[in-house]
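Order-wise, the sequence lines are chains F and X. Under UniProt numbering, the first sequence is numbered contiguously, ending at residue 215. Under UniProt numbering, the second sequence is numbered contiguously, ending at residue 118.
Simulated from the structure, these hints should not be mistaken for laboratory data. Here the structure is a predicted model, which is why all the values come from computation and not from measurement. Among the hints, a few may not be true.
What follows is a list of derived Cβ distance ranges for each label pair [to be verified]:
id: 1; chain 1: F; residue 1: Ala38; chain 2: X; residue 2: Met1; range: 48 to 58 Å
id: 2; chain 1: F; residue 1: Thr164; chain 2: X; residue 2: Gly82; range: 17 to 27 Å
id: 3; chain 1: X; residue 1: Glu35; chain 2: F; residue 2: Ala108; range: 13 to 23 Å
id: 4; chain 1: F; residue 1: Glu187; chain 2: X; residue 2: Ala41; range: 37 to 47 Å
To be clear about the criterion: a stretch of chain F counts as covered by chain X if any three or more of its residues have a C-beta under 8 Å from a C-beta of chain X, and this derived list gives those stretches [stated by the list, open to error]:
id: 5; segment: 18 to 29
id: 6; segment: 107 to 116
id: 7; segment: 143 to 149
id: 8; segment: 160 to 173
Beyond 12 Å from chain F on every Cβ pair, some chain X residues (computed) [claimed, not checked]:
id: 9; residue: Asp8
id: 10; residue: Asp51
id: 11; residue: Lys53
id: 12; residue: Gly56
id: 13; residue: Glu67
id: 14; residue: Thr79
id: 15; residue: Arg88
id: 16; residue: Ser91
id: 17; residue: Ile102
Virtual Cβ for every residue (Gly too), placed ideally from N, Cα, C.
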Amino acid sequence: MTVQYDSIGGSGLQFFGTVSASISHELKNVLAIINENAGLLEDLTFAARRGSPIDPDKLDRTVQNFSKQIHRADEILKNMNRFAHSVDQFESQIDLHDLVVLVANLAARKAAMGRISLATTAPAQPIHLTCNPFLLENLVWLCLELAIAATGAGRTLTLIPEKTASTILLHITGIDGLSETLPVPDETGFEAIRAALGATMTTDPAGHTLTLHLA
Amino acid sequence: MRILLVDDETEFVATLAERLSFRNMEVDYATKAAEAIELAARKTYDLAVLDMKMPGISGIELKAMLEKQCPGMKYIFLTGHGSEEDYRTGSSEASGYLVKPINIDILVARIKKALEAK
């Protein structure tokens with residue numbers, strides 16, 4: 001199955017690098033907030049030693065900020081760990097909604113930079129498929145990149161897994177400015193990944209929806 | 001010293017504003033470019049501290065918008081990672097840049113140095 005990685009060349013590494021860089025940026029922001037709140041406690045302690053009373057509400061807010069950022073960092077690292085381990089498995093049974101939520105979390109910062117929100121809708125019943133999880137994450141990411149590039153600021157893109165009698169689909173809805181044919185840059189490895197997974201992509205400009213046909 | 005802080009991370013910018021106010025600076029903060037422009041239209045600031053990457057806008061783009069409203073205002077950029085490009089931009093477009101997490105003593109020193117050169 002490593003032939004699947006060979007077929008996508010450097011684009012898989014590029015995807016891994018892009019996600020890692022985004023995660024490191026998020027963690028830097030968390031550290032910056034923790035650093036400022038630790039500094040604020042130092043400032044308050046310094047002021048208290050010089051006789052200024054400490055405002056308990058201010059202390060409480062600072063503690064809450066620590067707690068919130070620790071929780072945020074934990075979520076970021078859980079996603080990073082799951083993403084990193086997806087490379088270990090060349091083929092496994094995947095819960096499509098779980099994978100979509102992971103990719104949406106990983107792409108949230110990228111979307112936010114374009115002032116776009118991401119949402120996911122859980123299917124009524126779990127949808128499972130067997131494939132290479134890293135390649136599927138890469139394909140969903142690339143579709144999200146296309147959707148983000150096509151849509152305008154202030155919009156919400158919603159990822160909706162669906163299973164019909166004959167196929168498994170992933171819709172990305174809410175895309176403004178969607179055309180019949182989307183410009184897919186060669187260097188992203190989109191075609192190779194799509195072919196390796198046996199997936200196809202269709203667009204419905206009127207319905208503002210891009211659909212991946214997965215099985 | 002009147003300082004305008006702009007960063008989309010609310011907990012970061014609010015806490016940094018509070019810490020700078022302990023150091024005898026008059027500080028307002030914004031988490032969106034539009035808020036920063038509104039604040040700058042109502043009040044004169046000596047220096048703006050801008051995050052380099054914010055949703056929908058870069059620090060450079062926001063600086064260009066603020067320059068039209070506030071000629072003579074100085075700028076310091078904040079960045080998550082100190083890349084070569086950040087260094088070039090910080091050197092050419094502003095009175096410098098700092099990498100997060102920042103050291104407040106260094107930020108205060110940079111602010112004072114930038115305003116002395118005014």
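* Are all beta-carbon distances from Glu67(X) to chain F longer than 12 Å? -> holds (23 Å)
* Cβ separation check - Asp51(X) to all of chain F, threshold 12 Å -> violated (9 Å)
* Against chain X, does the segment 107 to 116 of chain F show at least 3 residues with beta-carbon separation below 8 Å? -> holds (count 4)
* Asked: Is the nearest CB of chain F more than 12 Å from the CB of Asp8(X)?
  -> violated (8 Å)
* Grab the minimum beta-carbon distance between Thr79(X) and chain F and tell me whether it stays above 12 Å. => At roughly 9 Å from the nearest Cβ of chain F, Thr79(X) sits no farther out than 12 Å, so the non-interface label is violated.
* Cβ distance range 13 to 23 Å for Glu35(X) and Ala108(F), holds or violated -> Between Glu35(X) and Ala108(F), where Cβ atoms are some 22 Å apart, the hint holds.
* Are there three or more residues in the segment 160 to 173 of chain F whose C-beta lies within less than 8 Å of some C-beta in chain X? -> It is violated, with 0 qualifying residues against the three required.
* Could you tell me whether the CB distance from Ala38(F) to Met1(X) stays inside 48 to 58 Å? => Distance hint for Ala38(F), Met1(X) is violated at roughly 24 Å.
* Separation of Ser91(X) from chain F, once the least beta-carbon distance is taken, above 12 Å -> holds (21 Å)
* Is it the case that Ile102(X) keeps its Cβ farther than 12 Å from each residue Cβ in chain F? -> violated (7 Å)
* To do: Say whether it holds or is violated: Lys53(X) keeps its Cβ farther than 12 Å from all Cβ of chain F.
  => Lys53(X) not clear of chain F: closest Cβ-Cβ about 7 Å, inside 12 Å.
* Asked: With a cut-off of 8 Å between beta carbons, are at least three residues of the segment 18 to 29 of chain F near chain X?
  -> holds (count 4)
In the structure shown, a violation is registered for the earlier hints numbered 1, 2, 7, 8, 9, 10, 11, 12, 14, 17, in ascending order.
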